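Take each chain as given, in its own frame, and dock them per the hints.
So the protein lines, in turn, are chains A and B. Our numbering puts the first residue of the first sequence at 753, with every later residue one more than the last. Our numbering puts the first residue of the second sequence at 498, with every later residue one more than the last.
Derived by calculation from the structure, the hints in this document are not laboratory data. Fair warning: this is a prediction, and the values are worked out from it, not measured in the lab. All C-beta atoms in this analysis are idealised placements derived from N, C-alpha and C, irrespective of residue type, glycine included. Accuracy of the hints is not assured; some may be wrong.
Far from chain A, by Cβ distances over 12 Å, these chain B residues were calculated [as the list claims (entries may be wrong)]: (1) Leu-604; (2) Leu-609; (3) Gly-722; (4) Glu-773; (5) Thr-808; (6) Lys-809; (7) Asp-819; (8) Lys-858; (9) Ala-866.
Pairs of lysine-lysine, DSBU-like flavour, derived with a Cα cap of 35 Å [stated by the list, open to error]: (10) A:Lys-800 - B:Lys-809; (11) A:Lys-800 - B:Lys-691; (12) A:Lys-800 - B:Lys-632.
From chain A, some residues computed to sit far from chain B (all C-beta separations above 10 Å) [as the list claims (entries may be wrong)]: (13) Glu-929; (14) Leu-1066; (15) Thr-1176.
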Amino acid sequence: MIRSRGVVGLAYLIPLLFLALFFFYPLFSILTYSFAPEGVLDWSGLYKLVGSSYYLRTLWFTIWQAALSTLLTVILALPGAYVFGRYQFRAKSLMQALTTIPFVLPTVVVANAFTAWLGPRSRVNLALMSLWGLERAPVDLQHTIWIILLAHVFYNYAVVLRIVGGFWANLDHRVEEAARTLGANPRQVLWQVTLPLLAPAIGAAAFLVFIFCFTSFGVILILGGPRFATLEVEIYRQTVNLFNLPLAAALSVVQIVFTFTLLWAYTLLQARASVPLDLRPRHQTQRRVVSRRDWLIVGSNLTLMVILLLSPLLALVERSFTLGGGGLRYYAELFVNRRDSILYVPPIQAVVNSLGFATVTVVLALGLGLVSASLLAQPAKGQSLRRLQALLDPLLMLPLGTSAVTLGFGFIIALDEPPLNLRTSLMLVPLAHTLVAFPFVVRSLLPALRGIKPSLREAASMLGASPLQVWREVDFRIVGRALFVGAVFAFTISMGEFGATALIARPQTPTLPVAIYRFLGQPGALNYGQALAMSTLLMLVCAVGMVAIEHFRVGQVGEF
Amino acid sequence: MKRSFIISTSIVLLIMVACAPTPAAVLPTATEGLALATQAQPTATRALPTATQAPPSPAEAASTEPAVISLMSHDSFNVSEEVIAEFEAANNVNVELLPSGDAGAALNQAILSKNNPLADVFFGVDNTFLSRALKADIFEPYTSPLLATIPDDLELDAEHRLLPVDYGDVCLNYDKAWFAEHGIEPPANLESLKDPAYKGLTVVENPATSSPGLAFLLATVGHFGEDSYLDYWQSLRENDVLVVDGWEEAYYGQFTAASDGDRPIVVSYASSPPAEVYFAERPLEEAPTGSVLADGACFRQIEFIGILRGTKQSVLAEKLIDFMLSKRFQEDIPLQMFVFPANQTADLPEVFVKFAETPKKPALVSPEAIEANREAWIEAWTETVLR
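Bound-form chain B, shown alone (with noise of 0.2 Å):
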């Protein structure tokens, strides 16, 4: 008897300490005298731009590991290996990804480690979880140079603690063939929705529980005022709205283009058309769906990036900060993300050119007011559409 356990318990605890030190946990502590090296790089790169690119000599490369710094992002965060490669080559630097859930449950743990901070940089706040971000006090400011380039309203944080990334807009979509075949009218607005002809063709993301979801309902917010709102949603539940989840099972569960489901009107965003054309099995002349771009129909999701206060690598974070402001990785963001680049002097793809648009007057809400009525608008519309 004795035996099989000591066997068996050795097993267990060699499996235990043969595991537990893996690279993560090790690694943060060995670079921390490391920082001191890297800090001492920039100003020669700096002053040498051209300098950046070459490999760095043998004797450089032999005295210097790479520092590590890690990125923190939700899991929708998506890179081209060779723009990162760039920025690891050009600093002496690995880049630590760490995709943590949906952009609620990444920011949440940012807050929760506050104290002992999970990572350098963090990636994919959007202004519905602005203020959220910024009442904890987790992020420290960096007034980037690529500012600049930046249109001032998407600039949220005056204090720049948080750095617009990127934006896109959600808005229904429709699927243009069954509209042809049933020879309905694609909808125009928001309003649409509400007539008897467009009954039981729509499908929506709860707020409660899913982004694209909680930004629709600011939409109608942002559109028809904090005093009418509930009215509209009670005539879309009185057309036979569909209620679902989140946007996979709308989009992959409900949406005729994109399923075996029976609505041809779905939340999504405004660049979904052009990536049903990218990632279509043949080549399209048209995209398969369209996007209800009217005044008001749409609400601006605006991604911000910023540095976890607490970090040891400051300046190599803020170099990442300046990279991902870059046009190098700004001009990679739409076909990895699918949404489009903060900086205007970033060039678009093909497919973003041809087929994505973008409205006009999106509906405004200030991050302020969702932070703090954000639960008061969900329980009402909870009230008003489901119960």
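Here chain A stands alone, though its shape is the one from the complex (with noise of 0.2 Å):
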């Protein structure tokens, strides 16, 4: 037995080891090297910091967009987790990968499909001028607010559907029946049974859109245009543009002590949240689409998704065959080597190496995520296992709240040396790659594991169940859709990455997006076109993947 917790303590050290390798100590080093390039502590750069009322409006404009994005979104996306958590209907799982593609695809091919679909000669726009008889378009949502809120939402509304979504599926359904007979009024059982047994996955999503957006670039840059910015945006002018190293890096603590905060305080709060549940399978709590009630609930959320989701994607898969002359031939064209380049990246080769990384990062993700998050549910019976726990969990996340750009200049600095040269390594990329994915499987996890009752676990060893078979057989079955989750955030964040690796040096291994990004690189037609059938190929390589971790079934896991 003493045996045994000394090993599970070890496990527990691998993802403390881990992100203090590729975490703290790149960061420490930038950060070190940034305030004192020589040694001693320079000043010089900071001035501007003070000076300036401009970072402060800088940070309040990130905290607010944030904010209010993260509401709009879980808003927006709380009825179609109802819906994929209680109804069991055709397509699910094909308009669930569907939904989460957004969150693969790069900046600039979203800016394009906005403005394909609600730009000034876009379908909705000349409809409308003709219809009211305009000579100029009427929506006009480019470098706007509402443009950066639109995306936000875009992206993110797959985050909350399916943590939130997947939680529901399992949470009791009799409870909430329990409260109608009791004479609770439809109201009364939302907001006093479902939403607060809601809460830590409500918590966990919006906190994970949170963060996403409070480190917002691309869609800042692109969508929001030069006017808007947020300190991420500030943090990457300064360092690659300006290489005012000192301010970059005064703004990166700003960002991470920010962040810190806020999880800390999200920490404690999602603890007293959490409340053992009776969580069930989810053939018992969905129900099939059969009332006419059923069919409208189903039917708007569905509808919604289409419009605000899927209608972009449509309209860039659309263009990629009938740009120019039209039909396959951008395709055909992946496969032409024209100027026989060096750089030249066969379509399947992207493919190859996308999937390649997305795999390790899911291993990666998944094993660091189990037992970080293992560690975090476990009913805290000291006072220090639960300081422990209070003090790991903002930690762990960490790594999504602090700017790429300053942690892939901490790898340039610290990972140089042996055994740790891994500054032109290609697990540089996946190790990037994990670090943004597995606090995602954390957050997917946790809900399921704190609501799991310990009387399940105890009943289980009474009965003989060693520990193992106590996790496999009681932990493991109940989490296994929560691990699916996960697995499917790991995944999409590793195909669609760009970010972070862009700015690293690396070999030739380029994935999809790096090969859009090249192709966006020239003028001409048809490198846009080759852009648009390579960001078509990206989206269908994750819904088949996305679909694949579906489907994907070890006995019983995911059954739940």
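Printed below as a string of structure tokens:
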């Protein structure tokens, strides 16, 4: 028993070791280098931070746009989560995969999809112009806060849909029925029973969305235009364009401290909000779409998803076939190395590279995430464990709230000596992806793990199950679903990630997003057409990958 | 409980162990010894120029593994496979490419890794970043014999730490079809854009985040002078100029000739029209876009290469520099990167001869002035145009 506890303790060290090596060490290296390049503190770069109200305003904008984006996303996606949690219908897993696709698309491509969909010469605007006899396009969201909010909802809808929907599916419907029987009206049931029970999942999802919007980069720069800036944008400008490392580092510290404080408060609240529940298998909680009311609820939510999430994607796909001459022309061109270029990327190779990085990321993120979540969900008997958990949870999430530029440059300074000379190693790519992906796995798992009634584990123990058997037969069964949600996110994060890896030197292993950006780097219809074709390919590979993960079953895991 | 953790632990560790010692991490040390062996070769190959193309004899091939030389660059770097293969075969070396982000990000990484360089040779410092690179002292001087083929006005570093390799002109492009259709004359020079007839027609890149954006700002500084370039931008603002973050978004997001956007004038390159012809869906007789090449309307971006200080492969690095300045590599540049070769003996491809024009008098701003004022100019510009 003592030995087993020792091994368990060692296992818990792995996520910490991982973070220490690939997050804190590079982070501290770049921060020390930035503040004291010659070993002496250099304050000159920092005068501007104190001297101008600009950075304060930037911080304020960063916070409020993220809060508003999160609120909108949660409000719009909660009904969808209900539909996915409580109903069974055809095409559900396809819809689930399709709604997650925005997550992987490069911002430049999404920006073009939005222009095709809502831009001055889009069908929507042309139709409205002819309908109302207007001279100018009535819908003009370009470079406004509205397009930022819309894009953030577009990107993050799936986070709420999946995390809350997955949890909802296992929530005991009898609790709500009991409340109804006791005389509560539907609104009371919603506010006093359902939402409080869902709170841990909603909190986890909202929190992830907030952090994503808080560190938003591409959406702000490209869709929002140059009048908007988040801290992340400012850090990028100061680092890459102006090379003012002290100022960039100071802004990074502000960003990290803010994230940590928020995380810490969130962790406290969340630990309090979660209660052990009687989680049920989904076949008991979900029903078929039968009544007219059912049809209305499911239909209206699916319509919203189609309009909000799928129509820009469809605009892209359509474009890839109809642009210029049309047909499969750009797809065929993908397979031709016209210029005998050494950097030509055969599409199959890009798919293989992307899938390879994504697989390693999924494995690493699930392993690290499972261990971390188990540690965090342990019923805390002692004060010390509780304190450790309260500190550990925000630390594990911190990579999400850290500037990709800062961390990328940290890798260059820190990981330059054997045995950790990873600066130009291929491994750096999945490692960087894992840093972003494994907090997602943790957040997906925690609500389910914390919801497991201790009595279930105790009963299994009493009946003679070893700790391993208890874990396998109780915990693993129940969190299997959440594990798949985590796997899907790890997969999509890795497939679509471009920002962090674009900043680090890497040998020739282009992924699909890299190939897309390479096409967009030069003028000419063929380049644009091929970028669209490659984007369609990226969407297709992701959809197939996600459906495959959905249908992947080991024994009965995931059936719950 | 125990075993599952051991399993997951060992999986994670196995992956980390299996993947950590990558070729890139291992090779530099392995090749240190080989550098000596390869150093002996150059004299042999120079003495027998005809022999360089011949494959090495079986005995030689067996005795010397190819050395590795790494070339760090921005992401727009490109070259024909065949051209690099020639260099590799002639020198028994493998060239490892390290694309490292955009021009600014790549240079900053090179500066950050000064004490333990990431690569041997760096491609793609431009004249807007030249002073930053020289100040950081990360390049070794090398006076290549091929500098003789490069015009003096491209050489900006007298000590030859950075050698000019190519150049391109940032200027306004316009959509010929749009102007024909609307019966408006295309812009003739920078001043045209102030004309109310051009209201709402122009899209430019933000100089704070985009390299052509900065180049165009520098053109206006050079052309109008430091005292009045802001007045020019003020009138552009009044004429409803649109500012976007980067070239991709301007060209593929807003430019009428290439997107769903509604702006027929864009800041791009003088080499974009030939690229439009080259990458057209069907053969074109005429470029669909034109460039505004009036005196002072363009800014010439010159790109440089250099040997990173601290390389253990100096001889090979010098050979790589010579090769990149040679006719063979230089003639490959136009169609791979859509810029002009620095080497004046290099012949241009047909599509460049027919469709590429170069401005006679680009606006001039010295690298020192750029480095000293970059931040101030960008900030003043931001105040004037965006706030």
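Quiz item: Between Lys-800 (chain A) and Lys-809 (chain B), is the straight-line Cα distance small enough, at 35 Å or below?
Solution: Violated - the C-alpha atoms of Lys-809 (chain B) and Lys-800 (chain A) are around 41 Å apart, more than 35 Å.
Exercise. Please confirm whether Thr-1176 (chain A) is truly not at the interface, meaning its C-beta sits more than 10 Å away from all C-beta atoms of chain B.
Key: For Thr-1176 (chain A), whose nearest Cβ neighbour in chain B is about 4 Å away, the distance does not exceed 10 Å, so it is violated.
Self-check item: Non-interface claim for Gly-722 (chain B) versus chain A (Cβ beyond 12 Å)
Solution: holds (24 Å)
Quiz item: Is the Cβ of Glu-773 (chain B) farther than 12 Å from every Cβ of chain A?
Solution: About 5 Å separates Glu-773 (chain B) from the closest Cβ of chain A, which leaves it inside 12 Å; violated.
Quiz prompt | 12 Å Cβ clearance of Ala-866 (chain B) from chain A | solution = Nearest chain A Cβ is 16 Å from Ala-866 (chain B), so the label holds.
Exercise. Just double-check Asp-819 (chain B) for me: nearest Cβ-Cβ distance to chain A has to come out over 12 Å.
Key: The claim stands: Asp-819 (chain B) keeps its Cβ more than 12 Å from every Cβ of chain A (closest is about 19 Å).
Self-check item: Minimum Cβ distance from Leu-1066 (chain A) to chain B greater than 10 Å, as the annotation requires
Solution: It holds; Leu-1066 (chain A) is separated from chain B by about 15 Å at its closest Cβ, greater than 10 Å.
Quiz item: Regarding the assertion that Lys-809 (chain B) does not contact chain A, is the least Cβ-Cβ distance greater than 12 Å?
Solution: Non-interface label on Lys-809 (chain B) holds, nearest chain A Cβ at 15 Å vs cutoff 12 Å.
Quiz item: Are the Cα atoms of Lys-800 (chain A) and Lys-632 (chain B) separated by 35 Å or less?
Solution: holds (23 Å)
Quiz item: Taking the closest pair, is the beta carbon of Leu-609 (chain B) still more than 12 Å from chain A?
Solution: Violated, because the least Cβ-Cβ distance between Leu-609 (chain B) and chain A comes to about 5 Å, which does not exceed 12 Å.
Self-check item: Reported absence of Lys-858 (chain B) from the contact zone with chain A (all CB gaps over 12 Å)
Solution: holds (24 Å)
Quiz prompt | Given as non-interface: Thr-808 (chain B), which should sit over 12 Å from chain A by C-beta | solution = holds (14 Å)
Of the numbered hints given earlier, the model fails hints 1, 2, 4, 10 and 15; all others are met.
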